[in-house]
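Line by line, the protein sequences give chains X and L. In terms of this note's numbering, the first sequence opens at residue 1459 and continues consecutively. In terms of this note's numbering, the second sequence opens at residue 78 and continues consecutively.
Be a bit skeptical, because a hint or two may be false.
Said to hold, decoys possible - Derived DSSO-like pairs: lysine-lysine, alpha-carbon spacing no greater than 30 Å straight-line:
1) X:K1618 <-> L:K245
2) X:K1577 <-> L:K156
3) L:K245 <-> L:K216
4) X:K1724 <-> L:K222
5) X:K1724 <-> L:K156
6) X:K1548 <-> L:K143
7) L:K151 <-> X:K1724
8) X:K1727 <-> L:K202
9) X:K1617 <-> L:K151
10) L:K202 <-> X:K1618
11) X:K1503 <-> L:K240
12) X:K1697 <-> L:K202
13) L:K222 <-> X:K1618
14) X:K1548 <-> L:K156
15) L:K216 <-> X:K1681
16) L:K222 <-> X:K1681
17) L:K202 <-> X:K1724
18) X:K1618 <-> L:K156
19) X:K1697 <-> L:K248
20) X:K1617 <-> L:K219
21) X:K1504 <-> L:K169
These aren't lab readings, by the way, just hints derived from the structure by calculation. Model, not experiment: these values are computed from the prediction.
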Amino acid sequence: MKQAIFLLLLLSNISSYGQLNCNAFLYNGDSLQYKACKLVERVEKKYYQFSKEYQEGLDKALEIYPYFAYAYREKAAPYVKSGDFITWKKLIDKAVEYDPLQYLGVRASLRYKFFADYKGAIADIEQLDSMVTYDIGPTSNGTYHLNVVKALCHKELGKKRNAIEILVNQIETETYIGAFDYLHLGVLYLNTQMYDEAIAAFEKQKEQNNLAENHYYSAMVFKEIGQIENCIELLKEAKILYEDGYHMHDPYSQLIDEIYLEDIEKELKTAYHTR
Amino acid sequence: MHIQISFILIILLTLISGCQSRKKPSSSNEYLRWVDDIQFDPTLDDESFALCHGEDGVLQYFNNSKGLEYEGEKHAIIKEFEERYDTTIAAKESGLIRIRFIVNCQGETDRFRILSMDENYNQIKIDQSITHQILNITKSLKGWKPKTFEEETVDYYQYLIFKIHQGKIVKILP
């Protein structure tokens, strides 16, 4: 079993590999950063991100080139996953200091997701936006465009109208549509009693990525407008989708607007009772 | 001649031992097996708490991609804190508190550790009127599910982070 676990853990590092392009440093005549980069490449392939050897390997790379932002970001990664906000922040701040264009967005998407730091995430995204003339792009794991993260942070701070405006503007650019964008938009419309708009957004979500959540929240719209039969039908569909594994999920943390089976069952019970 | 060789050997041995005693601790001493490993502390931890696969076999809660696994899901945890955390006796402080611990292969917990910060990521000590309550309620949670890997139950690290505003719990993560 230990071998299988090691393989699993090593594979979990792989998402990082693709982001390294050591030859670019060489091309720019930066031989020290190239050397550090090649060392990091070897460390990433050989060791699990949480291991002592991984941290030591990155330290050696930073001895070669102390301003290597990527190495700081990789050193920070296990700390954010273990919930050590103190060490993570010190390390990711170094990455941002040495390469703000690359890592402001990364810091934003991690501080809102792991530590519910919505104000900090908005500040990072706005800082990044002010520094570039191009599209600021998606989060490092690709779940959302950074503007959608900004919208979600506004929502969590209670500014739902601002969130809707940012989300609608982002969707209209058609540059990057995330897997849950229409769902979040629909929930925001539901929360602000814009029921027709909510249903339209959930329909879009259904076309794009059909999940238990869009059926559940559609049911909540019908509950609000008193159409209990429609509400029950949608909750039944939500339950089937959920049990078949079609629902929001993240291995690290609960996503915004993610639901649990208990939520569906509780609403079904209430709906049957009020029928 | 014999005396000279002995003298040289003594000098060499002294130099070598001197070098060793003055040698700076290498960076390898700063890291444990894995980042944030919680070592047994007899002053804090329960001696009878057993790990099924030893110290080297403790995984992280996300390693099986299933995230937090608790009877009644996250709602059940939130409910415990809503019912038992007494805001009226809590100091009006704000920040984040992380409680990290091990869940063994039988779903039992121990090795609880606290880490806290203010709203600017500075490590601080949050008032005990808050931390004691949070720690005690966390310790009493009994619904942790043993995680499985390759059909075998494993030990794993879990954490809960509490976002506190003016003494109130406003969010529980992950």
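Against the structure, the hints:
Of the supplied pair hints, the one linking K1618 of chain X and K245 of chain L holds, its CA atoms being roughly 23 Å apart against a limit of 30 Å. Annotation: proposed proximity of K1577 of chain X to K156 of chain L holds, straight-line Cα distance about 27 Å (limit 30 Å). For the given pair, K245 of chain L sits about 19 Å from K216 of chain L by alpha-carbon distance, which is consistent with the 30 Å threshold. Of the supplied pair hints, the one linking K1724 of chain X and K222 of chain L holds, its CA atoms being roughly 22 Å apart against a limit of 30 Å.
About 15 Å separates the Cα atoms of K1724 of chain X and K156 of chain L, which keeps this hinted pair within 30 Å; it holds. For the given pair, K1548 of chain X sits about 29 Å from K143 of chain L by alpha-carbon distance, which is consistent with the 30 Å threshold. For the hint pairing K151 of chain L with K1724 of chain X, the CA-to-CA distance comes to about 15 Å; that is within 30 Å, so the pair holds. Distance check on the hinted pair: K1727 of chain X and K202 of chain L sit about 44 Å apart at the alpha-carbon level, beyond 30 Å; violated.
A hinted pair counts as satisfied when its Cα atoms are at most 30 Å apart, and K1617 of chain X with K151 of chain L qualifies at roughly 25 Å. Annotation: proposed proximity of K202 of chain L to K1618 of chain X is violated, straight-line Cα distance about 34 Å (limit 30 Å). For a cut-off of 30 Å, the pair hint linking K1503 of chain X to K240 of chain L is broken: about 36 Å separates their Cα positions. Note on K1697 of chain X and K202 of chain L: the hinted pairing is violated, with a Cα-Cα distance of about 44 Å set against a maximum of 30 Å.
Restraint check for K222 of chain L and K1618 of chain X: not satisfied, since their Cα atoms lie roughly 36 Å apart, outside the 30 Å limit. Between K1548 of chain X and K156 of chain L the CA atoms are separated by roughly 34 Å; this puts the pair beyond 30 Å, and the hint is violated. Of the supplied pair hints, the one linking K216 of chain L and K1681 of chain X is violated, its CA atoms being roughly 39 Å apart against a limit of 30 Å. Pair hint K222 of chain L plus K1681 of chain X does not hold up; C-alpha atoms about 34 Å apart against a cutoff of 30 Å.
Among the hinted pairs, K202 of chain L with K1724 of chain X is inconsistent with the structure: their alpha-carbon atoms are about 39 Å apart, more than 30 Å. Between K1618 of chain X and K156 of chain L the CA atoms are separated by roughly 26 Å; this keeps the pair inside 30 Å, and the hint holds. Using a Cα cut-off of 30 Å, the hinted pair K1697 of chain X and K248 of chain L holds, with the two alpha carbons roughly 26 Å apart. Only pairs whose Cα atoms come within 30 Å are accepted, and K1617 of chain X paired with K219 of chain L is rejected, the gap being roughly 37 Å.
Taken as a hint, the K1504 of chain X and K169 of chain L pair is broken in the structure, with Cα atoms around 47 Å apart against an allowance of 30 Å.
Checked against the numbered hints listed earlier, the structure breaks hints 8, 10, 11, 12, 13, 14, 15, 16, 17, 20 and 21; every other hint is satisfied.
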